[in-house]
Amino acid sequence: KAGVTQTPRYLIKTRGQQVTLSCSPISGHRSVSWYQQTPGQGLQFLFEYFSETQRNKGNFPGRFSGRQFSNSRSEMNVSTLELGDSALYLCASRYTGTPEDTQYFGPGTRLTVL
Amino acid sequence: SQQGEEDPQALSIQEGENATMNCSYKTSINNLQWYRQNSGRGLVHLILIRSNEREKHSGRLRVTLDTSKKSSSLLITASRAADTASYFCATDLIIQGAQKLVFGQGTRLTINP
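Same order as they appear, the protein sequences are chains V and A. With the numbering used here, you'll find the first sequence wraps up at 233, consecutive numbering, no jumps. With the numbering used here, you'll find the second sequence wraps up at 120, consecutive numbering, no jumps.
Only chain V is shown next, with the shape it has when bound in the complex (with noise of 0.2 Å):
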């Protein structure tokens, strides 16, 4: 099976723009999940899609936000980018959330902010 990808790899964006970031989970995965990455903050959790409904969410302010289609493709937006929006975007597969089931993540999206 091919894993998780995610489109583009790396962006650069001026402050006040937006930008949508694209994963495409493992085939049959149901569970999506976004992280950003940053040297200062680590790995902290955007939130969740399961089967096209945001199910949880993290500590990220509204400019975040998240979808997820009926073939369980999602995308993360991000409107008015400020500086500290730079970071590396990692999202997750699972085949059916449960705590047991392993998150199988992509390589990234490397999201520089001018």
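Think of the hints as simulated: they come from the structure by calculation, not from any bench. Using N, Cα and C, we set each Cβ at its ideal position, and we do this for glycine too.
If the Cβ cut is set under 10 Å, some of the chain V residues that face chain A in the computed set are:
1. Gln-125
2. Ser-150
3. Gln-156
4. Leu-162
5. Glu-167
6. Lys-176
7. Cys-210
8. Ala-211
9. Thr-217
10. Thr-221
11. Pro-226
12. Gly-227
The following residues of chain V were derived to be distant from chain A, with all beta-carbon distances above 12 Å:
13. Arg-186
14. Leu-200
15. Val-232
We have chain V; now place chain A onto it with these hints.
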């Protein structure tokens, strides 16, 4: 605040030696997982240990879990240069039936040839 905290933050050893990393967490867990991340890349799942398990092996990896001390350790035996990476422990928080993985800050492991 982070649920999991790794110790040490950085570790440098010679190839062939064993590497031990520790993780402490704060709340009750269902399971604890260890991940590896090569520089700036995605995370690779290494091993999951359930709360009712005390030890688990996978190849050169050995993970222990002590729920009474809320701690876990990852041992990599006979280290290789390719083991150079950051290692993270992650614990699950169940919020309204949904799982959220909470990661520690990680241990940066360097294997010197």
